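Construct the entire structure; sequences and hints are all you get.
Residue numbers (the working numbering), protein chains in the order written: chain A, 8 to 146; chain B, 8 to 146; chain C, 8 to 146; chain D, 8 to 146.
Just so you know, these hints were derived from the structure itself, not from any lab.
Incorrect hints may have been included.
Given that identical chains are not distinguished, each listed pair holds provided it fits within a single copy or across any two copies.
[Unchecked claim] Below 20 Å or equal to it, Euclidean Cα-Cα: the simulated EDC-like pairs (lysine to aspartate or glutamate) are:
| no. | residue 1 | residue 2 |
| --- | --- | --- |
| 1 | LYS78 | GLU51 |
| 2 | LYS20 | GLU81 |
| 3 | LYS20 | GLU51 |
| 4 | LYS78 | ASP107 |
| 5 | LYS74 | ASP107 |
| 6 | LYS78 | ASP122 |
| 7 | LYS74 | GLU10 |
| 8 | LYS74 | ASP122 |
| 9 | LYS74 | GLU11 |
Source: prediction; values computed, not measured.
4 protein chains.
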Amino acid sequence: MTEEAFRFSSTVKVRWRDVDALGHVNNAVYFTYLEQARVDYLRELGLATDDPQKVSFILAQASCQFKSPIKLGERVTVYARVSELGNSSFSFDYRMTGGDGRLIAVARSVQVCYDYARQKPVPIPEAWRQIVTAYEPGL
Amino acid sequence: MTEEAFRFSSTVKVRWRDVDALGHVNNAVYFTYLEQARVDYLRELGLATDDPQKVSFILAQASCQFKSPIKLGERVTVYARVSELGNSSFSFDYRMTGGDGRLIAVARSVQVCYDYARQKPVPIPEAWRQIVTAYEPGL
Amino acid sequence: MTEEAFRFSSTVKVRWRDVDALGHVNNAVYFTYLEQARVDYLRELGLATDDPQKVSFILAQASCQFKSPIKLGERVTVYARVSELGNSSFSFDYRMTGGDGRLIAVARSVQVCYDYARQKPVPIPEAWRQIVTAYEPGL
Amino acid sequence: MTEEAFRFSSTVKVRWRDVDALGHVNNAVYFTYLEQARVDYLRELGLATDDPQKVSFILAQASCQFKSPIKLGERVTVYARVSELGNSSFSFDYRMTGGDGRLIAVARSVQVCYDYARQKPVPIPEAWRQIVTAYEPGL
Numbered sequence: 008m009t010e011e012a013f014r015f016s017s018t019v020k021v022r023w024r025d026v027d028a029l030g031h032v033n034n035a036v037y038f039t040y041l042e043q044a045r046v047d048y049l050r051e052l053g054l055a056t057d058d059p060q061k062v063s064f065i066l067a068q069a070s071c072q073f074k075s076p077i078k079l080g081e082r083v084t085v086y087a088r089v090s091e092l093g094n095s096s097f098s099f100d101y102r103m104t105g106g107d108g109r110l111i112a113v114a115r116s117v118q119v120c121y122d123y124a125r126q127k128p129v130p131i132p133e134a135w136r137q138i139v140t141a142y143e144p145g146l
Numbered sequence: 008m009t010e011e012a013f014r015f016s017s018t019v020k021v022r023w024r025d026v027d028a029l030g031h032v033n034n035a036v037y038f039t040y041l042e043q044a045r046v047d048y049l050r051e052l053g054l055a056t057d058d059p060q061k062v063s064f065i066l067a068q069a070s071c072q073f074k075s076p077i078k079l080g081e082r083v084t085v086y087a088r089v090s091e092l093g094n095s096s097f098s099f100d101y102r103m104t105g106g107d108g109r110l111i112a113v114a115r116s117v118q119v120c121y122d123y124a125r126q127k128p129v130p131i132p133e134a135w136r137q138i139v140t141a142y143e144p145g146l
Numbered sequence: 008m009t010e011e012a013f014r015f016s017s018t019v020k021v022r023w024r025d026v027d028a029l030g031h032v033n034n035a036v037y038f039t040y041l042e043q044a045r046v047d048y049l050r051e052l053g054l055a056t057d058d059p060q061k062v063s064f065i066l067a068q069a070s071c072q073f074k075s076p077i078k079l080g081e082r083v084t085v086y087a088r089v090s091e092l093g094n095s096s097f098s099f100d101y102r103m104t105g106g107d108g109r110l111i112a113v114a115r116s117v118q119v120c121y122d123y124a125r126q127k128p129v130p131i132p133e134a135w136r137q138i139v140t141a142y143e144p145g146l
Numbered sequence: 008m009t010e011e012a013f014r015f016s017s018t019v020k021v022r023w024r025d026v027d028a029l030g031h032v033n034n035a036v037y038f039t040y041l042e043q044a045r046v047d048y049l050r051e052l053g054l055a056t057d058d059p060q061k062v063s064f065i066l067a068q069a070s071c072q073f074k075s076p077i078k079l080g081e082r083v084t085v086y087a088r089v090s091e092l093g094n095s096s097f098s099f100d101y102r103m104t105g106g107d108g109r110l111i112a113v114a115r116s117v118q119v120c121y122d123y124a125r126q127k128p129v130p131i132p133e134a135w136r137q138i139v140t141a142y143e144p145g146l
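Spelled out as structure tokens, the structure:
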């Protein structure tokens, strides 16, 4: 899977605060980059609002393979796409590259649509499903 | 796999800053909790120093299954153990529970012993291996 | 002003993630420690709830003098007290010390009671004022 | 003091992780934004390297007045300038504005040139002083 598999990408400006005592971007911060790409993706598709109460899914799983360290001053590109749509869950695939094009990480997350009031999973809204399916030809 | 499988645990005091706009501990922060448990584990076994330059492994993979949200004011316990020892890589398994004993997350990370100067993986030092094997009867 | 001026203190376990590329706790993280002491203080006095919506003041100012770096593995004590009570604003004074008793930082913050719905400052609630005044003999 | 007083500015893309349970960018994160502007400023003037070991000053003080909350999705501009040059210390002044031009914060930090090896303040290097003075006409 290369960058061509992705229609969407988002760039991250690495912050000094992102770097840890070993001089590289800390591993937990990769998940912040992934999360931001997710937020940006949903905003791009008109599926996110800035109102946190409207975010109606929860993160069920996240995993990342760290391929290359990120240095201070780098501009990182995070490619993201919805890679699976289930009944109430869906997955994102990610690919992170550095300013020089090298592969930094590949990652995946699984989200579940959730009704916070009733505290249980709910089906992916049909309108949401159609917008994502239209955007992702491979789904 | 339950808590009994772990000899080691470390507690985390949840910070206000750990919580995001949805009112729960942010997903990336779970990886900070796991990292801290790893650091605490190695310190407990005398394998860590406070000198970042002496930490001689890199993180190759991390994954987490989020089972229950963490609320503000909670005290979280992170159970950690070395679950596999390869030639140059080793894995940690984790289990996080809340103050009420409920399961919060299960997670895993893979580390690779690394020579930063030569920029290549190196075998796990024999002394390190012996200390960990002595501590973890299941290895 | 020494530790004797404070009735309240809260301890912080320094996390690996708190440390930056220079090997010391990052300056922005000091403000997270101060914030946590503030939250802990209010909880101690029964003035905080875990419901973020109930927090009815905003931070107007924060300042910190950095006296000594914090190292990994240290346990930091943050002393906090309400040092001034105005009509709608109040200030906190802080003092941070290390495990060896050395002074790490002195700091101050100013908060303003705020009605989020009407988006304007409101007087400090009388019940709140009485509880704090009873706790802080110097006010 | 308005934006005209500043030659330099740096933009920040607000991250979802920057926002806290109250739905605004957390106060400690403002100091991360200020720090990043400082790093960007020094890089712009050729005074920073990506090697953390070469950063030869410590932060002595930081203060911030919070004028307006920052919302998710905003692009923040941080104006920064060296506002005072002493013998071994120097100060930065900052001004943060939102995408709509409103004032978000004004801030100040004091740094001290420091010899980490000898653990004592040292005079600002003359070459450094000349570069900054040439850049900041008001100094």
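Status of each hint after checking the structure:
1. LYS78 x GLU51: between (28 Å within a copy, 18 Å between copies)
2. LYS20 x GLU81: both (7 Å within a copy, 15 Å between copies)
3. LYS20 x GLU51: Answer is both; intra-copy 19 Å and inter-copy 15 Å each pass.
4. LYS78 x ASP107: within (12 Å within a copy, 32 Å between copies)
5. LYS74 x ASP107: within (14 Å within a copy, 37 Å between copies)
6. LYS78 x ASP122: For LYS78 and ASP122, the Cα distance is within 20 Å only across copies (18 Å; inside one copy 40 Å).
7. LYS74 x GLU10: Cα proximity of LYS74 and GLU10: one copy only (15 Å, versus 31 Å across).
8. LYS74 x ASP122: between (36 Å within a copy, 16 Å between copies)
9. LYS74 x GLU11: Intra 19 Å, inter 33 Å, cutoff 20 Å: intra-copy only.
In summary, the structure agrees with every hint in the numbered list given earlier.
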